[in-house]
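**Q** Sequences listed follow chains A and B, in order. One point on numbering: in my numbering, the residue at position 131 of the first sequence is 131, and numbering is uninterrupted. One point on numbering: in my numbering, the residue at position 393 of the second sequence is 393, and numbering is uninterrupted.
One or more hints might be untrue.
Claimed, not checked - Here are the simulated SDA-like cross-link-like pairs (lysine to any residue), alpha carbons at most 20 Å apart as the crow flies:
| id | chain 1 | residue 1 | chain 2 | residue 2 |
| --- | --- | --- | --- | --- |
| 1 | B | Lys-356 | A | Gly-62 |
| 2 | A | Lys-216 | B | Ala-213 |
| 3 | B | Lys-113 | A | Ala-17 |
| 4 | A | Lys-196 | B | Thr-340 |
| 5 | B | Lys-208 | B | Lys-219 |
| 6 | B | Lys-219 | A | Glu-169 |
| 7 | A | Lys-196 | B | Ala-213 |
| 8 | B | Lys-219 | A | Cys-198 |
| 9 | A | Lys-219 | B | Ala-213 |
| 10 | B | Lys-216 | A | Cys-198 |
| 11 | B | Lys-19 | A | Cys-198 |
To be verified - To spell it out: a stretch of chain A is covered by chain B in this simulated footprint if at least three of its residues, at any positions, have a beta carbon under 8 Å from a beta carbon of chain B; those stretches are:
| id | region |
| --- | --- |
| 12 | 14-28 |
| 13 | 99-107 |
| 14 | 118-127 |
| 15 | 275-283 |
Worth flagging that the hints you see were computed from the coordinates, not collected in a lab. The C-beta atom is built at its ideal place from N, Cα and C for all residues, glycine as well.
There are 2 protein chains.
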Amino acid sequence: MTTYEKTEAICRAAKAASKNLAILNTKSKNQVLEKIAEKLKIKCDEIISENKKDLINAKKNGIPAPMLDRLMLNKERIDGIRDSLVSLIKLPDPIGSGSVTTTACGLEICCEKVPLGVVAMIYEARPNVTVDAAALCIKTGNAVVLRGGKEAIFTNLALVCAMKEALSECNISPDVLGFIEPGQGHESANALMSMKDCVDVLIPRGSKRLIEAVVKNSKVPTIETGAGNCHLYVDSSADLDMALSVAINAKCSRPAVCNAIETLLVHSDVADKFLKNFKAATESKYGLELRGCERTLAILPGIKEATEEDYKTEYDDMILAVKIVDSTDEAIEHINKYSTGHSEAIITNSAKDAQKFRSMVDSAAVYVNASTRFTDGGEFGFGAEIGISTQKLHARGPMGVDALTTQKYLITGEGQIR
Amino acid sequence: MTTYEKTEAICRAAKAASKNLAILNTKSKNQVLEKIAEKLKIKCDEIISENKKDLINAKKNGIPAPMLDRLMLNKERIDGIRDSLVSLIKLPDPIGSGSVTTTACGLEICCEKVPLGVVAMIYEARPNVTVDAAALCIKTGNAVVLRGGKEAIFTNLALVCAMKEALSECNISPDVLGFIEPGQGHESANALMSMKDCVDVLIPRGSKRLIEAVVKNSKVPTIETGAGNCHLYVDSSADLDMALSVAINAKCSRPAVCNAIETLLVHSDVADKFLKNFKAATESKYGLELRGCERTLAILPGIKEATEEDYKTEYDDMILAVKIVDSTDEAIEHINKYSTGHSEAIITNSAKDAQKFRSMVDSAAVYVNASTRFTDGGEFGFGAEIGISTQKLHARGPMGVDALTTQKYLITGEGQIR
Numbered sequence: 001m002t003t004y005e006k007t008e009a010i011c012r013a014a015k016a017a018s019k020n021l022a023i024l025n026t027k028s029k030n031q032v033l034e035k036i037a038e039k040l041k042i043k044c045d046e047i048i049s050e051n052k053k054d055l056i057n058a059k060k061n062g063i064p065a066p067m068l069d070r071l072m073l074n075k076e077r078i079d080g081i082r083d084s085l086v087s088l089i090k091l092p093d094p095i096g097s098g099s100v101t102t103t104a105c106g107l108e109i110c111c112e113k114v115p116l117g118v119v120a121m122i123y124e125a126r127p128n129v130t131v132d133a134a135a136l137c138i139k140t141g142n143a144v145v146l147r148g149g150k151e152a153i154f155t156n157l158a159l160v161c162a163m164k165e166a167l168s169e170c171n172i173s174p175d176v177l178g179f180i181e182p183g184q185g186h187e188s189a190n191a192l193m194s195m196k197d198c199v200d201v202l203i204p205r206g207s208k209r210l211i212e213a214v215v216k217n218s219k220v221p222t223i224e225t226g227a228g229n230c231h232l233y234v235d236s237s238a239d240l241d242m243a244l245s246v247a248i249n250a251k252c253s254r255p256a257v258c259n260a261i262e263t264l265l266v267h268s269d270v271a272d273k274f275l276k277n278f279k280a281a282t283e284s285k286y287g288l289e290l291r292g293c294e295r296t297l298a299i300l301p302g303i304k305e306a307t308e309e310d311y312k313t314e315y316d317d318m319i320l321a322v323k324i325v326d327s328t329d330e331a332i333e334h335i336n337k338y339s340t341g342h343s344e345a346i347i348t349n350s351a352k353d354a355q356k357f358r359s360m361v362d363s364a365a366v367y368v369n370a371s372t373r374f375t376d377g378g379e380f381g382f383g384a385e386i387g388i389s390t391q392k393l394h395a396r397g398p399m400g401v402d403a404l405t406t407q408k409y410l411i412t413g414e415g416q417i418r
Numbered sequence: 001m002t003t004y005e006k007t008e009a010i011c012r013a014a015k016a017a018s019k020n021l022a023i024l025n026t027k028s029k030n031q032v033l034e035k036i037a038e039k040l041k042i043k044c045d046e047i048i049s050e051n052k053k054d055l056i057n058a059k060k061n062g063i064p065a066p067m068l069d070r071l072m073l074n075k076e077r078i079d080g081i082r083d084s085l086v087s088l089i090k091l092p093d094p095i096g097s098g099s100v101t102t103t104a105c106g107l108e109i110c111c112e113k114v115p116l117g118v119v120a121m122i123y124e125a126r127p128n129v130t131v132d133a134a135a136l137c138i139k140t141g142n143a144v145v146l147r148g149g150k151e152a153i154f155t156n157l158a159l160v161c162a163m164k165e166a167l168s169e170c171n172i173s174p175d176v177l178g179f180i181e182p183g184q185g186h187e188s189a190n191a192l193m194s195m196k197d198c199v200d201v202l203i204p205r206g207s208k209r210l211i212e213a214v215v216k217n218s219k220v221p222t223i224e225t226g227a228g229n230c231h232l233y234v235d236s237s238a239d240l241d242m243a244l245s246v247a248i249n250a251k252c253s254r255p256a257v258c259n260a261i262e263t264l265l266v267h268s269d270v271a272d273k274f275l276k277n278f279k280a281a282t283e284s285k286y287g288l289e290l291r292g293c294e295r296t297l298a299i300l301p302g303i304k305e306a307t308e309e310d311y312k313t314e315y316d317d318m319i320l321a322v323k324i325v326d327s328t329d330e331a332i333e334h335i336n337k338y339s340t341g342h343s344e345a346i347i348t349n350s351a352k353d354a355q356k357f358r359s360m361v362d363s364a365a366v367y368v369n370a371s372t373r374f375t376d377g378g379e380f381g382f383g384a385e386i387g388i389s390t391q392k393l394h395a396r397g398p399m400g401v402d403a404l405t406t407q408k409y410l411i412t413g414e415g416q417i418r
């Protein structure tokens, strides 16, 4: 069998099996999630030992440290995945909820939330995504087809095997969880992107390059996730201690994640004091490299000049662009020009500027006096997330169970004609 | 200026003006709609006389009769458009509605409905779409860019001019309503499809060919609308009088619209009686041409045989494919194989078959004992519709005001960091 044929067989089987999953009641779906949590506990050592194989290969292949960290599973992290499952079990099931109206001619029109059908995902090295995605799909009655990165192949196979066992023991076809082995090159990803007859949505999750390639080439409808060129704006009325603490957190706590900031905008009235303090607090402690506009350079001589390219860049690294602006309007304009529409924050004591920022910044999450790092399904109370949408259609921001549903109009009559 | 430059200027102006429209309150937006209704009344004769120019040109160019009918405006039809505006004014405004939660660390997270920004539409000859689309967009705080067909150019310019006057008199920039002159060929449509920096969604509405071309080529996110290969299934337990009345209505009342049926599926137990009656009722009265499967041909000798191609075809004409099946399961399988996911109906007295059909048929609207012709924004109580989505993401079925919104998370804190 070719890669294309293998992929097609997995997707077709998922589509066929999805029909029975779609009509399961909430209790039965939660039982599957409980069984998966149980299996992960029982098979914890086995999963960790498979994960070690991936780690050894990754080190051999010279994979950088942050990626090794993402790849690594230990007992604590597996417990964390099980905690996510428990949160998800507790969440309400959106499927079957809806509203009913009766028309003048007596037709009953019910708009009901239903599963999408088959959800596919192309992602990279984080093995927790394997369980999160499968669990969110099962909770919402969707079959799922996963294509994880080759770096995590042993771990993913162990996790998928555990989950398929759980499905079988609950008398559900294990075909509802398809796993496409990554193989070499892009063959399996390309095959998955062409399965528009049996896959209802394809969600890419990972690097900007991966996401762009999938959105551009997929024949299956996609949801764009994760590109995060995020901004923090320190207004003239800001509490500068708060601004310092939030700015450090938003950049330095985890610089490589999508909700970390990439550009700091500072009002000219407070720029001198704030920027000197910020540099002092981050240069030696975090090794943060600043790149500034001309006016920033006058305050912080010796730092590199920020180019147009810098403002467009999601560094995902200990680098931050800095720009001095003269008003909230100018900050908003900069953000709407360069942002990827993920998360932006203002630190201000002015209710008027806060309101302007909230209404005029065109991004999924807009913060007043808090760190952008909170943009996350778990933090937002969604149990788990299948990604963070940076598009406006269908879903925007962290995607939980609702993003995995569509609607169906069910109309009941007594022979009405129009 | 080239067509591209003209299109870009109109889209950029719409994007800039959209910011102020987005923050208007419901009362102000409804005032604009009232003013538009008033203008249409005052300018009724002028619009009709411009419409006459289009009709004369259309006749000269040999445009078929059903299209001439779609193009034609008279006082009654303009009153109908004004009635739609009145319904829309009465509908609740989704913008600003939402839900608020507070997290353990005290962050207030508000998920609020907000406008998409700039909504563009490429459509054909129906001038009521010009007003419906603009009104739905204004109601939801969206700027709109319209590119109507060249057959309706004089009518559209008159309607757009009336609406721009209404906007100006309400002190709103007329740039929120952009109109792209169709010109010759596809140049202006192609230009609009490339405006991803200033257009948030592009909705094609019209022929299958138009919709497919836009969905395939657009760089702006699209919503697929209107392709309607719809089915009616007459079950063995059906009330055959009801089935006859619904089948005639679903095909013959307006064969060229998207919610008309294209294939009739009949259970073998009732096929002989039902099909003979159906043919007798439709052949001479409506001139309906039937194309049947082999078993149908045995009952109705002399009709043309239906091919695989027939089952795939949206005739939009007085032609209907007929297939005899042995069970509701077989009917569902046929529908899920050939349908475009628009509207399907079952006529049955079996609660079990009705339930199976509702849950297993994967289409936007699923009817039990009623005609598919009801799939329409007006019939569903949406005031007007901007199209009928046949995709699963973002919107499915008739699209009213909710389909023109996205969401934004507004988070308020007191310096929280993660």
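**Q** All hints are to be evaluated individually against the structure, with a verdict given for each.
**A** Tested hints:
Distance restraint check for B:Lys-356 and A:Gly-62: the Cα-Cα separation of roughly 55 Å exceeds the 20 Å cut-off, and the hinted pair is therefore not satisfied. With a C-alpha separation of about 16 Å, the suggested pairing of A:Lys-216 with B:Ala-213 holds against the 20 Å cut-off. Taken as a hint, the B:Lys-113 and A:Ala-17 pair is broken in the structure, with Cα atoms around 35 Å apart against an allowance of 20 Å. Straight-line distance between C-alpha atoms of A:Lys-196 and B:Thr-340 comes to about 13 Å, which keeps the hinted pair within the 20 Å bound.
Taking the CA atoms of B:Lys-208 and B:Lys-219, the gap is near 19 Å; set against the 20 Å cutoff, the hint holds. For a cut-off of 20 Å, the pair hint linking B:Lys-219 to A:Glu-169 is broken: about 46 Å separates their Cα positions. Only pairs whose Cα atoms come within 20 Å are accepted, and A:Lys-196 paired with B:Ala-213 is accepted, the gap being roughly 17 Å. With a C-alpha separation of about 24 Å, the suggested pair B:Lys-219 and A:Cys-198 falls outside the 20 Å cut-off, and the hint is violated.
Restraint check for A:Lys-219 and B:Ala-213: the C-alpha separation of about 14 Å stays at or below 20 Å, so the hint holds. For the hint pairing B:Lys-216 with A:Cys-198, the CA-to-CA distance comes to about 19 Å; that is within 20 Å, so the pair holds. Distance restraint check for B:Lys-19 and A:Cys-198: the Cα-Cα separation of roughly 40 Å exceeds the 20 Å cut-off, and the hinted pair is therefore not satisfied. For the region 14-28 of chain A, the proposed coverage by chain B is satisfied: 3 residues have a C-beta within less than 8 Å of a C-beta in that chain, meeting the threshold of three.
Counting residues of the region 99-107 of chain A whose beta carbon lies closer than 8 Å to any beta carbon of chain B gives 3, which reaches the threshold of three, so the coverage claim holds. Counting residues of the region 118-127 of chain A whose beta carbon lies closer than 8 Å to any beta carbon of chain B gives 0, which falls below the threshold of three, so the coverage claim is violated. With a cut-off of 8 Å between beta carbons, the region 275-283 of chain A has 0 residues touching chain B; three or more are needed, and the interface restraint is violated.
The structure fails to meet hints 1, 3, 6, 8, 11, 14, 15 from the earlier list, while all remaining hints are met.
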